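Chemist: Given next are the chains, with one letter for each unit.
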Amino acid sequence: MGIAKFIVKRVLLGVLTLVVVSIVVFALTQALGDPVEAILGREAQPASVAAMREQLGLNRPVITQYTDWLTGLVSGDPGVSFTNGVPVLEVLGDRIWNSLFLMLLSALVSIPIAIAVGTYAAARRDKAFDSTSSATSLVLASMPEFVTGLLLIVLLATNVWQVFPAVVRIRPGEAPWVDLGALVLPVLTLTLGVVPYVSRVMRASMIEVLESDYIEMARLKGLPERTVVWRHALPNAIGPTLQVIAINIAYLAGGVIVVENIFNYPGIGLALRDAVTDVNVPVVQFIAMLIAGIYVVVNLLADVGTILVTPRLRTRLR
Amino acid sequence: MTNDRRLELWLPRAMSRRRLITGTGAAAVLLAACGGDDTATSPSTQGGGQSTGGSTGTAGSPATTAGGSATTAGGSATTSGATPTSGGTLRVGLVGSTNDLIDGQYIVSKADQARCVTGWDPVVNYDTDFNISFEHSLAEEIETAAADNYVIRFKEGLEFHNGKPVTAEDIIYSFQRRIDPELNLAPGLAELLGPDGMTAIDDRTIEFQLLRPAVTFINSLAEYTTTIVPVDYARFDGDVSTQIGTGPFMLESFTPGTESVHVKNPNYWGSGLPLLDEVQIIDFADAQALTNALASGEIDAAIDIPFAQVATVESDSNLRILESQAGNWLVITMAIDQAPFDDVRVRQAMRLIANREEMVERVLAGHGRVANDMYGVLDPCYPSDIPQREQDIEQAMALLAEAGQENLTIDLFAPDDTAGLAELIAVFADQAQAAGVTVNAQVLDGGTYWGDEYTKRTFATSFWSTRPYLIQVAAGSLENAIYPETHWPPPDSDFAEKYEQAIAETDDGARCEIIAEMQQEEYDDGGNLIPFFYNLVDGHAANVRGFEARPNLLNLDHYGRGWKNIWLEG
Chain A
26 MGIAKFIVKR VLLGVLTLVV VSIVVFALTQ ALGDPVEAIL GREAQPASVA AMREQLGLNR
86 PVITQYTDWL TGLVSGDPGV SFTNGVPVLE VLGDRIWNSL FLMLLSALVS IPIAIAVGTY
146 AAARRDKAFD STSSATSLVL ASMPEFVTGL LLIVLLATNV WQVFPAVVRI RPGEAPWVDL
206 GALVLPVLTL TLGVVPYVSR VMRASMIEVL ESDYIEMARL KGLPERTVVW RHALPNAIGP
266 TLQVIAINIA YLAGGVIVVE NIFNYPGIGL ALRDAVTDVN VPVVQFIAML IAGIYVVVNL
326 LADVGTILVT PRLRTRLR
Chain B
7 MTNDRRLELW LPRAMSRRRL ITGTGAAAVL LAACGGDDTA TSPSTQGGGQ STGGSTGTAG
67 SPATTAGGSA TTAGGSATTS GATPTSGGTL RVGLVGSTND LIDGQYIVSK ADQARCVTGW
127 DPVVNYDTDF NISFEHSLAE EIETAAADNY VIRFKEGLEF HNGKPVTAED IIYSFQRRID
187 PELNLAPGLA ELLGPDGMTA IDDRTIEFQL LRPAVTFINS LAEYTTTIVP VDYARFDGDV
247 STQIGTGPFM LESFTPGTES VHVKNPNYWG SGLPLLDEVQ IIDFADAQAL TNALASGEID
307 AAIDIPFAQV ATVESDSNLR ILESQAGNWL VITMAIDQAP FDDVRVRQAM RLIANREEMV
367 ERVLAGHGRV ANDMYGVLDP CYPSDIPQRE QDIEQAMALL AEAGQENLTI DLFAPDDTAG
427 LAELIAVFAD QAQAAGVTVN AQVLDGGTYW GDEYTKRTFA TSFWSTRPYL IQVAAGSLEN
487 AIYPETHWPP PDSDFAEKYE QAIAETDDGA RCEIIAEMQQ EEYDDGGNLI PFFYNLVDGH
547 AANVRGFEAR PNLLNLDHYG RGWKNIWLEG
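Protein chains in written order, with this note's numbering: chain A, 26 to 343; chain B, 7 to 576.
Because the hints were derived from the structure by calculation, they are not lab data.
The model shown is predicted, which means the values in this text are computed figures rather than measured ones.
Check the hints yourself; a few may be wrong.
[As the list claims (entries may be wrong)] These stretches of chain A come out as covered by chain B in the derived footprint (C-beta under 8 Å, 3 or more residues):
| # | region |
| --- | --- |
| 1 | 178-188 |
| 2 | 191-203 |
| 3 | 273-287 |
All residues carry an ideal CB built from backbone N, CA and C; glycine is no exception.
Can you make the complete structure from the sequences, with help from the hints?
Modeler: Listed below in C-alpha cells is the structure:
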C-alpha cells in the first residue's frame with residue numbers, strides 16, 4: 026500500500042536524521058569545555074582531576090564514548106549528570122513534561138488562531154482586517170521573543186495593568202496545568218511568535234485556492250460564501266501550509282527555552298542553560314537530542330498529514 | 007533503578023570564583039571564596055588571659071547567655087512600633103540553579119548561603135560595628151589564653167532540630183569536618199587548627215590549641231559557615247531528614263534549581279522565635295525574572311535587585327528597597343613585577359587618573375561609596391586618617407613622564423560574568439584619555455577570564471567581598487596568597503614579616519599599629535586601584551517587617567539572621 030510504504034520510508038529517514046544529528050551533537054559538546062575543570066575548579070589537585078576523569082568515563086576513546094552514549098540513549102538511559110551523579114532523566118524529570126505541555130498548549134492555541142486569521146484575511150483580501158493583520162504580523166515577526174515576552178510582562182503583569190503573574194511557579198510534583206492563569210503570558214508570547222508566519226502562509230495559500238475553478242464553481246452554484254471558504258477552500262489550502270505549521274511547532278521547542286527564562290518556567294530550557302554553563306555534557310546532549318526528536322516527529326506528522334490531505338499526492342504514491 | 011555508572015567517588019566541588027557569580031545578573035553579587043573569612047574586623051580580644059565579653063547588638067542588650075538573648079533581636083523588629091505577629095509564610099526569591107546544594111558548613115552560591123543561614127547558627131557573629139558578638143550565635147564566651155590557645159564556652163540548653171542536645175562531641179565533630187582535607191570546606195581554618203587541637207573541658211566548653219599563633223582564628227569562628235552540626239552530619243544527598251542543625255527553621259523539602267521549604271523549629275534556642283511558620287526559598291533563572299516576580303507579588307522578598315531596576319522598585323508603593331553598606335569592592339589590578347607597573351610611579355599615576363565619584367555614578371548608579379585604594383574598610387583598624395585620594399591628572403602625567411611612559415598604551419581586561427567590571431574598565435578608559443593614556447578595554451568571556459591567565463595578567467580586574475584586613479591579606483596580598491592578583495609584596499618589603507607579627511599580636515592597639523603601617527605601604531605603593539565599595543541592594547514587599555538597612559555581609563539584612571526576626575504585617 027502506497028501510504029504505508031511512504032510512512033515507513035519517512036520514519037526510516039527520520040531515524041537516519043537523528044543519527045546524523047547525534048553525531049553532530051556529540052562532536053559539538055566535546056567543544057563546550059572541560060567538564061572536570063568546570064566541576065572541580067581551577068586549583069584541583071591532579072589526583073582529583075584524574076580520578077574524576079576516570080569516573081566520568083572521559084578516558085575512553087572518543088568513538089567508544091559516542092557508541093556507549095548512543096546505545097544508552099536508544100535503550101532509555103541517557104547517562105548521569107556530570108555535576109552530581111544523578112541520572113539525567115531524574116535530574117530533568119518533571120521539567121520535560123512541563124516543557125512539552127507548554128509547547129503543546131501553545132501549539133493548540135496558536136495554530137487554530139493562525140489558520141483563522143490567515144483564512145479571514147484572504148477572504149477579506151485588501152480590506153481593513155487584511156491590512157491590519159499584515160502590518161501587525163510584520164511587526165510581531167520582527168520582534169525577538171524575549172522582547173515580546175518582556176513587553177507583555179510590562180503591559181499585563183507589572184507596570185500598566187497587573188492582570189497576570191510575571192512568573193510561572195510550578196512546585197515540585199505539581200502538574201503544569203495547576204495554574205492556567207499563570208500560563209497565559211508564556212503561551213501568548215509563543216503564540217505571538219508563531220501566528221505571524223503561519224497566518225501569512227495560510228493567507229497566501231488561501232488566496233490561491235480561492236481563485237481556483239472549483240471555488241468559482243461552488244460560488245456559481247449559489248453556496249454561501251462562508252461555506253465556500255470554510256468547507257471547500259480551507260481543506261485544500263491547509264495542505265501546503267502543513268509544512269510551515271510543522272516548522273513552527275518544532276520552532277516552539279526552541280522558543281520554549283527563551284520563554285522559560287523570561288517567565289522562570291521550570292522546564293528543560295532553564296536546565297539546558299545551567300548544563301551548558303557547567304559543561305554538563307550528558308544533560309546538554311540529551312536535551313539537544315530531545316529537541317531534535319521533536320523536530321523529526323513533527324515533520325513526519327506534517328508529511329503524512331500533507332499526503333492525507335492532498336488526494337493527488339496519494340494517487341501518485343501508488 | 008540504579009545506574010552502575012553512578013559516580014561513587016563524587017568529589018565535592020571545589021570553590022571556583024566564577025561559580026559564585028554565575029547567573030546573578032546585573033546586581034552586585036560577589037561572595038567570599040571559601041577559606042577566606044567573610045568578615046571585616048579584627049577580633050576584639052583583650053590582652054592574653056582575659057575573656058571576651060559578648061559585645062552588644064544594635065538593640066543595646068548585654069552579653070548574651072543561653073536562651074534569653076534572642077528576644078533582644080525581637081526588639082529590633084519593632085522599628086515603627088507595630089507589634090510583631092506570629093505565623094505566615096515568607097517567599098524569598100533569589101537566583102539559583104540546579105547546582106544548588108544544602109550543607110550546614112559550605113556554600114557555593116548565594117542560594118546556598120540563604121539556605122545555610124536558615125538552618126544553622128554560627129559559633130560567633132558580628133554586630134553592626136563588626137565587633138565580635140554572641141547575639142545570634144551558639145557560643146557565649148571566648149577566653150584567649152594566648153594567640154594560639156582559646157577556650158570557647160557555648161550557651162546552655164542548645165538543641166538540634168530533632169530535640170537532641172548539642173554536646174561536646176557534636177562541637178568537636180563540627181570543627182573536624184570543617185578542617186577535613188577531603189571536604190576542603192575551610193582551607194584557612196585548616197591551616198590554623200589540626201584534628202587533635204580540640205579538647206572538651208566539659209559538655210559545653212572546648213579548648214582549642216592552634217598549630218600557630220593567629221588572632222584571626224576568632225574571625226574564622228564568625229564565618230556564617232562555621233556552624234555546629236550533629237555527629238555524622240553530611241551534605242544533603244536527597245534525604246531531608248539528614249539536614250539537622252540548630253537554626254530557626256528546619257528543612258522540609260528541597261528541589262535544587264526550583265525551591266526549598268523550611269518550617270519553624272519548635273526547639274529553637276531563641277525563645278519565642280522564629281515568628282514565621284514557613285519560609286520558601288525560590289530559585290529564579292535571572293535577576294530580571296526575579297524582579298518581575300517581586301513586582302507582581304509572586305514573592306515577598308528578593309536579593310540583588312539590578313541597579314537599573316532600583317528606581318522602578320522604589321516607585322512601587324507596595325515594595326521597599328533595602329540597601330546596606332558593606333565592604334565589597336571591585337578593583338583594577340596592576341602586577342607590580344611586570345612592565346610598566348614595575349615602576350611604582352606608573353602605579354601611582356594610574357590611581358591618580360581615577361575619578362572615583364564618577365565611577366560610583368556610572369558603574370553603580372550611585373549605589374556605593376568612594377574608596378581609597380585600601381580594602382578592609384569595615385575592619386576597626388582601617389586607617390581612616392589617610393587622606394582620600396582624588397583625581398589629579400596633572401600629577402599623573404608628571405609621574406608618567408618621569409617614568410618615561412607618557413602616552414602609554416595598554417590593554418585592560420575584565421570578565422563578562424561579573425556585574426560592574428565591564429562598565430568599570432570602560433569608564434576608566436574614558437578617564438585615562440585626559441592623561442594621554444590609551445586604555446584598550448577588553449571584555450573576555452568569563453570562562454576564559456578566570457582560567458589559566460587569571461592572576462598572571464599585567465592589567466586586569468577583580469571582585470572581593472568584605473573581609474577583615476588580615477584575612478584579605480592572606481587571600482590576595484602575600485606571595486602564597488590564594489589569589490595573588492598584583493604579585494604583592496615587592497621583594498625588598500617587610501610586609502610579609504609585619505603580617506606574621508600582626509596575626510600573632512593579641513593586643514588590639516598594637517595590632518592596629520602594625521596594620522596601619524601595612525595599609526600605608528599598600529596605599530603608597532600597592533598595585534590595587536580600588537575606586538569604591540558597593541552596596542547590597544535587595545527588595546521586599548511593604549508588609550514584610552523586620553529587615554533593617556545596616557552594614558551587613560550578606561543580603562537581606564544577613565537573611566534576617568535566618569529570618570527569625572521577620573514577620574508579616576496584616
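Chemist: How about the region 178-188 of chain A: do at least three of its residues have a C-beta closer than 8 Å to a C-beta of chain B?
Modeler: Result for this restraint: holds, n = 5.
Chemist: Does the region 273-287 of chain A contain three or more residues whose Cβ lies closer than 8 Å to a Cβ of chain B?
Modeler: Coverage by chain B holds for the region 273-287 of chain A (3 residues, Cβ < 8 Å).
Chemist: For the region 191-203 of chain A, do three or more residues have a beta carbon lying closer than 8 Å to a beta carbon of chain B?
Modeler: That given contact holds, which follows from 5 residues of the region 191-203 of chain A lying within Cβ reach (below 8 Å) of chain B.
Violated hints are absent here; each numbered hint is respected by the structure.
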